[in-house]
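This is what each chain is made of:
2 protein chains.
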Amino acid sequence: MSVIEYMHTLGQQARAAAAALAQTPTAQKNAALVAMAEAMDAARPALIAANAKDLAAAEANGLDAAMLDRLRITDAGIDAMMEGLRQVADLADPVGEITDMSYRPSGIQIGKMRVPLGVVGIIYESRPNVTIDAASLCLKSGNAAILRGGSEASHSNQAIAACVTAGLQQAGLPEYAVQVVNTTDREAVGQLISMPEYVDVIVPRGGKGLIERISKDARVPVIKHLDGNCHVYLDDEADVTKAINISINAKTRRYGVCNAMETLLVSASRAAELLPEIAQHLQEFEVELRVCEQANALLGKSSSAGVIAASEDDWYAEYLAPILAVKVVADMQDAINHINKYGSHHTDAIVTENYTKARQFMSAVDSSSVMVNASTGFADGFEYGLGAEIGISTDKIHARGPVGLQGLTSQKYVVFGDGHTRP
Amino acid sequence: MSVIEYMHTLGQQARAAAAALAQTPTAQKNAALVAMAEAMDAARPALIAANAKDLAAAEANGLDAAMLDRLRITDAGIDAMMEGLRQVADLADPVGEITDMSYRPSGIQIGKMRVPLGVVGIIYESRPNVTIDAASLCLKSGNAAILRGGSEASHSNQAIAACVTAGLQQAGLPEYAVQVVNTTDREAVGQLISMPEYVDVIVPRGGKGLIERISKDARVPVIKHLDGNCHVYLDDEADVTKAINISINAKTRRYGVCNAMETLLVSASRAAELLPEIAQHLQEFEVELRVCEQANALLGKSSSAGVIAASEDDWYAEYLAPILAVKVVADMQDAINHINKYGSHHTDAIVTENYTKARQFMSAVDSSSVMVNASTGFADGFEYGLGAEIGISTDKIHARGPVGLQGLTSQKYVVFGDGHTRP
Chain A
230 MSVIEYMHTL GQQARAAAAA LAQTPTAQKN AALVAMAEAM DAARPALIAA
280 NAKDLAAAEA NGLDAAMLDR LRITDAGIDA MMEGLRQVAD LADPVGEITD
330 MSYRPSGIQI GKMRVPLGVV GIIYESRPNV TIDAASLCLK SGNAAILRGG
380 SEASHSNQAI AACVTAGLQQ AGLPEYAVQV VNTTDREAVG QLISMPEYVD
430 VIVPRGGKGL IERISKDARV PVIKHLDGNC HVYLDDEADV TKAINISINA
480 KTRRYGVCNA METLLVSASR AAELLPEIAQ HLQEFEVELR VCEQANALLG
530 KSSSAGVIAA SEDDWYAEYL APILAVKVVA DMQDAINHIN KYGSHHTDAI
580 VTENYTKARQ FMSAVDSSSV MVNASTGFAD GFEYGLGAEI GISTDKIHAR
630 GPVGLQGLTS QKYVVFGDGH TRP
Chain B
230 MSVIEYMHTL GQQARAAAAA LAQTPTAQKN AALVAMAEAM DAARPALIAA
280 NAKDLAAAEA NGLDAAMLDR LRITDAGIDA MMEGLRQVAD LADPVGEITD
330 MSYRPSGIQI GKMRVPLGVV GIIYESRPNV TIDAASLCLK SGNAAILRGG
380 SEASHSNQAI AACVTAGLQQ AGLPEYAVQV VNTTDREAVG QLISMPEYVD
430 VIVPRGGKGL IERISKDARV PVIKHLDGNC HVYLDDEADV TKAINISINA
480 KTRRYGVCNA METLLVSASR AAELLPEIAQ HLQEFEVELR VCEQANALLG
530 KSSSAGVIAA SEDDWYAEYL APILAVKVVA DMQDAINHIN KYGSHHTDAI
580 VTENYTKARQ FMSAVDSSSV MVNASTGFAD GFEYGLGAEI GISTDKIHAR
630 GPVGLQGLTS QKYVVFGDGH TRP
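If you're matching them up, the sequences are chains A and B in order.
Remember, our numbering sits 229 above the position in the first sequence when you count from 1.
Remember, our numbering sits 229 above the position in the second sequence when you count from 1.
Rather than coming from a laboratory, the hints here were simulated on the basis of the structure.
A portion of the hints provided could be inaccurate.
One copy or two, it doesn't matter: identical chains are merged, so the pair holds either way.
[Said to hold, decoys possible] Straight line, CA to CA, 27 Å or less: simulated DSS-like cross-link-like pairs of lysine-lysine: (1) Lys586 x Lys570; (2) Lys570 x Lys341; (3) Lys437 x Lys570; (4) Lys570 x Lys445; (5) Lys341 x Lys586.
All of these numbers come straight from a predicted model, not from anything done at the bench.
Turn these sequences into a full structure, and let the hints steer you where they fit.
Right, dumping it as structure tokens:
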């Protein structure tokens with residue numbers, strides 16, 4: 230079978246499974262999720278053996294330590310995947326929820342019912358645990374899933390897929406509800422994103438390059454998460470303690486996450502007071518500062534190392550590293566302009582005590598999350614009460630911000646009448 | 230300036246206008262809508278003169294009477310457009326609405342704020358009144374609009390655009406908030422759908438061919454309305470009066486609309502009782518019936534003319550005409566399978582008195598509107614209480630069913646803290 234035929238077969242099977250899944254009771258979906266966790270527990274040796282093959286190949290191919298770390302499945306990693314499955318089982322089922330029911334003057338009663346999207350295609354890179362995240366969220370939201378992981382994790386993903394299939398079968402669900410593409414041929418991705426008859430939406434998980442490539446070529450809607458170039462703006466009416474705590478937390482909580490602050494903006498009237506103290510704290514964390522001219526005048530002398538002049542590229546950068554761009558801005562409007570121009574529309578925060586400016590910032594910043602006096606680190610599905618997330622969308626269409634179960638559903642109108650006809 | 234340069238200029242201007250519009254107070258948007266209506270009232274002779282040029286050219290090009298009718302602007306048509314503007318001014322402003330505000334265990338308070346999409350591109354065919362519908366809905370929802378009408382209506386659309394611009398200026402809004410493409414070069418459409426940096430979403434309005442072409446080529450998300458192949462299923466527990474009234478109404482209320490019934494499905498156990506009477510009523514309306522074998526056995530002899538055998542194509546057809554496909558089905562599951570296979574996921578109804586089957590049909594039919602004991606003719610933005618609509622989406626992503634102001638917006642997360650940092 231050619232790759233095209235193979236992918237079409239997966240698509241047809243997914244479409245058929247999706248019709249069944251859309252009608253599957255909550256308890257049956259939950260039973261499958263719990264059975265998957267049990268299957269993983271029983272398959273620990275097989276999972277670790279499969280992963281060892283991937284690791285050996287990756288080492289032979291010279292992958293760096295960080296990549297190997299992302300690829301590795303440990304016993305603790307299996308525990309985490311099992312816990313993830315159980316957490317998704319515990320989440321409320323979004324399917325069938327009816328909202329906004331009301332009577333219209335004609336006498337009909339109308340509401341909106343939440344329904345699955347149908348078939349979701351997920352394309353991801355090295356982390357094998359994405360296989361479980363994606364499978365569980367798609368299943369719980371009533372969608373069939375076609376998963377295409379990185380070729381470097383193919384043995385691991387197939388071993389995880391076996392546990393997923395076992396769980397589906399044990400709960401009496403169609404085995405094609407979750408399918409893991411079993412070829413490493415790159416043409417499989419090209420096909421997956423070009424079958425609108427079988428796939429309703431694509432969610433790419435990975436680097437910006439992967440996502441841009443997929444978005445450009447896809448003939449199916451794509452829920453995108455490009456990058457997280459998050460800002461904190463310290464307003465001239467910022468509380469000192471909040472300004473310092475939030476700046477430190479947003480940068481240093483974790484470096485490699487999309488909700489980490491990458492640029493700190495400081496109002497000119499407060500720069501001399503706030504920047505040296507914040508810089509001192511960040512230098513204790515060995516964070517390198519890339520600063521504008523004004524900030525350099527304030528910091529350049531006091532801190533010999535770790536402060537260098539920023540270039541235009543720094544304002545666009547998502548470092549995902551202990552590096553921070555710092556810019557002194559004239560006022561809040563200047564900060565808003567900077568964020569909307571250079572930012573990635575992910576998460577941006579203001580620190581201020583001023584009511585009117587808080588309202589203006591909230592309204593004017595065009596990002597998926599806008600915060601007042603809180604760390605950008607809160608931008609996360611669990612912190613928002615959505616449960617596990619399949620990604621954080623920087624798109625505006627369909628889903629924005631953390632995408633959990635609800636982002637994998639749509640709404641249809643339901644109309645109840647009593648023989649009503651329209652004049 | 231080349232067409233590409235011209236479209237890029239429109240895009241840049243729209244992007245700048247969108248930033249301003251997102252922050253524009255409701256009263257100012259409403260003032261612009263009312264001023265547009267007044268400008269149209271004052272420009273009646275100019276509108277009718279411009280339209281006369283289009284009509285003359287269309288007649289010379291041999292357009293048929295129906296096309297000429299769609300193209301014609303009458304005084305009553307101007308009244309209707311003015312009334313439409315005032316109705317949109319009266320609708321609640323969706324922008325800035327905050328919902329789902331709650332405190333999380335961390336202490337942050339989180340909600341969702343409704344925000345404009347940004348720049349909306351609308352591509353449409355001959356009806357010049359779409360220019361006003363689209364301009365008013367985009368403006369009220371805080372979006373900049375780039376409108377590309379049919380070349381056969383270009384003089385009419387430019388004359389309407391002048392009124393729109395006058396209204397914007399009178400209310401102190403950026404004149405580039407609504408731009409009507411002033412070239413009939415087809416390359417303009419190709420550009421409009423390929424500028425994700427300037428255009429956030431495309432809404433095509435027109436025939437299925439236009440929409441399929443645009444969806445295929447677009448590099449920007451498209452809110453699609455393909456076709457309306459709507460079904461009414463008469464269940465074996467249907468009330469006779471409701472079954473007859475709804476069937477007649479759904480077919481004959483208007484023929485050329487997307488919510489008209491195109492296929493009638495009847496449970497085998499009730500076909501002999503219901504079909505002859507419904508056929509008799511429909512024949513009074515001169516509706517041609519394209520029937521399956523079983524229906525033919527019931528109707529073929531009694532009604533000499535207007536009953537012919539259906540082909541496979543009839544089950545897919547959106548006639549938009551006094552034609553109805555009729556099929557006898559074994560039971561409700563057979564009806565659901567038929568609808569999900571042949572339908573266009575627009576609007577489908579069941580007539581039944583059975584509670585359990587009503588619930589099952591509601592859940593299993595994969596359409597943007599699903600109805601019980603009500604005519605498909607209710608599928609409409611006004612009837613649903615959404616106000617004017619820019620189209621009825623048969624997509625699942627982003628917007629499904631009638632797309633009004635809310636469908637032209639997105640939601641961002643807003644987070645309020647008091648210096649909160651994430652552990």
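| query | Which hints, by number, does the structure contradict? | reply | none
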